[in-house]
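Just need the whole structure built from these sequences, with the hints factored in.
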Amino acid sequence: MESLWPRIEPLLARVTKPARYVGGELGARCPDHHPDRVAWLLVYPDTYEIGLPNQGLQILYEILNERPDAFAERSYAPWVDMEAAMRQAGVPLFSLENFAPAGEFDVMAFNLSAELVYTNVLNLIDLAGVPVHAAERAADDPLVVVGGHGAFNPEPLADVIDAAVLGDGEEVVGEITETVAAWRRGEVTVPGADPRSRETVLRALAMVPGVYVPWCYEAEYAAGPPLPGAGAGVARLVGTRPRFPETPERVEKRTIADLGAWPYPKEQLVPLIEVVHDRLNVEVFRGCTRGCRFCQAGMVTRPVRERPAAQVRTMVAAGLARTGYDEVALTSLSTADYSGIEETVTGVMDDPACGRVSVSLPSLRVDAFTVGTAAQIQRARRTGLTFAPEGGTWRMRQVINKLITEADLYAAVEAAFSQGWRKVKLYFLTGLPTETDEDTLGIVTLAAKCVEIGRRYHSAPTVTASVGGFVPKPHTPFQWFGQNTVEELTRKVNLLRDASRGIRGLTLRWHDPRASAAEGLVSRGDRRIGAVIERVWRAGGTFQEWSECFDLDRWLAALEAEGLSLDDTVHRHRTEDEALPWDHLSAGLHRDFLYQDWRDALAEVGLEDCRWTPCYDCGACTGYGVEHVVASAVPPAGGSQGTGQDLASGGAVPVRFLEVRGAAPAGAGTGR
Amino acid sequence: MRLRLRYTKLGRVRFIGQRDVARAWERALRRAGVPVAYSEGFSPRPRLGFGLALPTGGESLSEYVDVHLDPSSSYLAAGDAAPLGALLAPFLPQGIEVTAAVGIEGPVGSLQEEITSCSWLLSVEGLDPSTLQVAVHEAMSAADLPVTRERKGRLHEDDIRPSIRSLSMLPGPADVAGGSWGASGTVVAADLATRPRGVRPSELVAALATVAGADGVGLARVCRTRQWIEGDGARREPLAEPGHRDGDVTERTLERVP
Chain A
1494 MESLWPRIEP LLARVTKPAR YVGGELGARC PDHHPDRVAW LLVYPDTYEI
1544 GLPNQGLQIL YEILNERPDA FAERSYAPWV DMEAAMRQAG VPLFSLENFA
1594 PAGEFDVMAF NLSAELVYTN VLNLIDLAGV PVHAAERAAD DPLVVVGGHG
1644 AFNPEPLADV IDAAVLGDGE EVVGEITETV AAWRRGEVTV PGADPRSRET
1694 VLRALAMVPG VYVPWCYEAE YAAGPPLPGA GAGVARLVGT RPRFPETPER
1744 VEKRTIADLG AWPYPKEQLV PLIEVVHDRL NVEVFRGCTR GCRFCQAGMV
1794 TRPVRERPAA QVRTMVAAGL ARTGYDEVAL TSLSTADYSG IEETVTGVMD
1844 DPACGRVSVS LPSLRVDAFT VGTAAQIQRA RRTGLTFAPE GGTWRMRQVI
1894 NKLITEADLY AAVEAAFSQG WRKVKLYFLT GLPTETDEDT LGIVTLAAKC
1944 VEIGRRYHSA PTVTASVGGF VPKPHTPFQW FGQNTVEELT RKVNLLRDAS
1994 RGIRGLTLRW HDPRASAAEG LVSRGDRRIG AVIERVWRAG GTFQEWSECF
2044 DLDRWLAALE AEGLSLDDTV HRHRTEDEAL PWDHLSAGLH RDFLYQDWRD
2094 ALAEVGLEDC RWTPCYDCGA CTGYGVEHVV ASAVPPAGGS QGTGQDLASG
2144 GAVPVRFLEV RGAAPAGAGT GR
Chain B
103 MRLRLRYTKL GRVRFIGQRD VARAWERALR RAGVPVAYSE GFSPRPRLGF
153 GLALPTGGES LSEYVDVHLD PSSSYLAAGD AAPLGALLAP FLPQGIEVTA
203 AVGIEGPVGS LQEEITSCSW LLSVEGLDPS TLQVAVHEAM SAADLPVTRE
253 RKGRLHEDDI RPSIRSLSML PGPADVAGGS WGASGTVVAA DLATRPRGVR
303 PSELVAALAT VAGADGVGLA RVCRTRQWIE GDGARREPLA EPGHRDGDVT
353 ERTLERVP
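Chains as they are written, first to last, in our numbering: chain A, 1494 to 2165; chain B, 103 to 360.
Quick caveat, the hints were computed from the structure, so don't treat them as lab data.
Even for Gly, the Cβ is constructed at its ideal location relative to N, Cα and C.
It cannot be assumed that every hint is accurate.
Unchecked claim - Covered stretches of chain A (chain B as the covering partner; in silico rule of three or more C-beta atoms under 8 Å from a C-beta of chain B):
no.: 1; segment: 1504-1516
no.: 2; segment: 1754-1766
no.: 3; segment: 1815-1825
To be verified - Calculated pairs, SDA-like style, for lysine to any residue (alpha carbon to alpha carbon, straight line, at most 20 Å):
no.: 4; chain 1: A; residue 1: Lys1510; chain 2: B; residue 2: Ser304
no.: 5; chain 1: A; residue 1: Lys1916; chain 2: B; residue 2: Gly143
no.: 6; chain 1: A; residue 1: Lys1510; chain 2: B; residue 2: Pro157
no.: 7; chain 1: A; residue 1: Lys1510; chain 2: B; residue 2: Gln196
no.: 8; chain 1: A; residue 1: Lys1759; chain 2: B; residue 2: Phe193
no.: 9; chain 1: A; residue 1: Lys1759; chain 2: A; residue 2: Ala1811
no.: 10; chain 1: A; residue 1: Lys1759; chain 2: B; residue 2: Arg129
In structure tokens form, the structure reads like this:
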């Protein structure tokens, strides 16, 4: 592949933040290209600063570059000024390692982290000089693959992508590599297809567990009976079925059984310019069983798999020495739940090899005990602390299964203010199922009480209540819920604004309800939404995650042009027997478990964390023969741990120890 | 105790800004085990002092950083800072290379305070050499050279002529770090004062374009070759490169200008 650098360099004097386009990070590889090796381009469809820290992309980057039969380079979405300069100069999308043209790679793999980046995916494929529609690609065009949480419903991109990968990517990227390499050598055959054709590789990839090839499935629509809330004669999805006998009816996600076997990234990238999460990041566990019903991440990443504490400490010490960072984040969906979190953080703080370091826990649990741990480790830079009660009243929190009592929250906030923090940030959702105005206004009541607590310790404490409009996600108990309209979300935001006016020390922030509408459209969209996304992109709608680029009118115009409406696609409640666009894709969760949990939500019944209580048979463990890997036989100490339970007798919960691949260090590797 | 380092910024790393250069230095010093002093207060930061910021995209043969050392450490007790370049080399981004190092004891002013002028190479696009040559002469013989600048959101007209110490066109590409530099445009060498108010290389090029009455003139590339401290009728560098006292790129190439 030729280097495009001589044509890129002259463009850089004219664009903002040119360092986005020059690579050169510590940890960046400069792989040798060889025609026998499968060439992967890992693309993050947002700016460099947002995409570079992405751990999923970095993990796959290392794993692929360690393979003798593959190599991987990276690319990020050029900002609009650079894109214009590139198009004008005829420079295609390029990699940051060898400045190689994106279109010459075998695989372009996109990370789908958020719905509003989908228009960027189309734009980047186009900027690579590759046909945007999968059906128009030739045998030597790259295969367009997507992964990440968005891949659990890739139907809106069904006509654009060649394949979607469900779940953990560590193992499956190797299998994809082998399939593509064998196809390039002409060694793959499927009935009735030319071995060198694109059809052959697509049908072969569809047989790799965890890989979904939309082209191998037919989505059937019928003008069925009108459903509640929808007009008559609207086409309805009947089901999505395989077109070939060898294609599986249902694609199951991939799950790595033991996080300890995958100590990646070993050489985290250290960028030359400041990016988000600019620090060493060490993943301490994957999965979450708190069971928050709105949370797709918690549902699709089950079961919980902890990294052995000794490995965490090694990765932290080695990572700090290698990178020169003075801050490390222990990452997961709820890091305070990590077994032995205290020993781990004090071990890092007291290790002379780690030097002057601050440890951050990006996702705090709401209780005083957690704040105590945070106080211990954030010896310096004690600026702000964030909690996520999500719902304004106990009733609301039972509906969403975020079982935090008011006592938990106030104790946490009191602990924070009393231990030196002056700013507390609270995350809430609005537009939740069954939400009444009383629930909405409970947000202000809670936040105002927190300001009051702060006044006992500081003259001018600040509490920021950050409110997001709820967007129902696939593979969650709320996937059947009809999302609030823009008008309704705006009304709720205005209720909150009125109620919080005049409360000194309380700041209210909210997510744009119009952006929530577009997110909702894509989140649970079927294949017909693909045409809407394409229209928005063709009308210039890139970087829709960025408020300065987002315009709901473009989305509405595109919907209308396709004969679709927000009422039918976003705001309508789904029925129990209705076919959902992702029914043929499995995150391991039984549909009847999800539906029961949805009924429980409507009945305001909470469900306890299954790490320390009997199994509910959600399907995530039993279906794949994997288990929770948790080092502690008892729930962590202090408060109700966000479970709303009395945990005084925590030691009695039924947990049994599990050997992890026979090689677990002492103290690690227990589960049920 | 302070450590004064002279370093280059060449190649792709020129696209990173001053703040990010500072962060790269913090990480490199930490990795090399240099005991850096930290500031006091709520949010302690490593105490590093840089000279005048280079425009993003600009290259340099003469950047400086003062590293304040932890007073409790006996680092540099032996007195010789010269090996630091080799020690730091593996931890710095490609293109940033330490070319001289010295320990400084006692009250020496900060780089920001001391530097009075800088020598630059500018590769100018959009003007043919003969037009540029005339513009250089006219600019130097002009009584004033007004440029429009934005300060605090308002447009001001400033005269930059007093800040231009010398200006000349080179007959061809310059020699920077052993390579041909600026071949895509016509190379101009300039000495520009940094006070009372400094002149940016881009402002000088804008002034030359105005003098020549030409549109579409641009600065293809810029390189700071020297920084100067002036006093008592003489000028010196904050820290000269060992063995390179006579190897000044600007002065050597200037000799060839007719």
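- request: Run the structure past the numbered hints and jot down the numbers of the failing ones, going up.
  value: none
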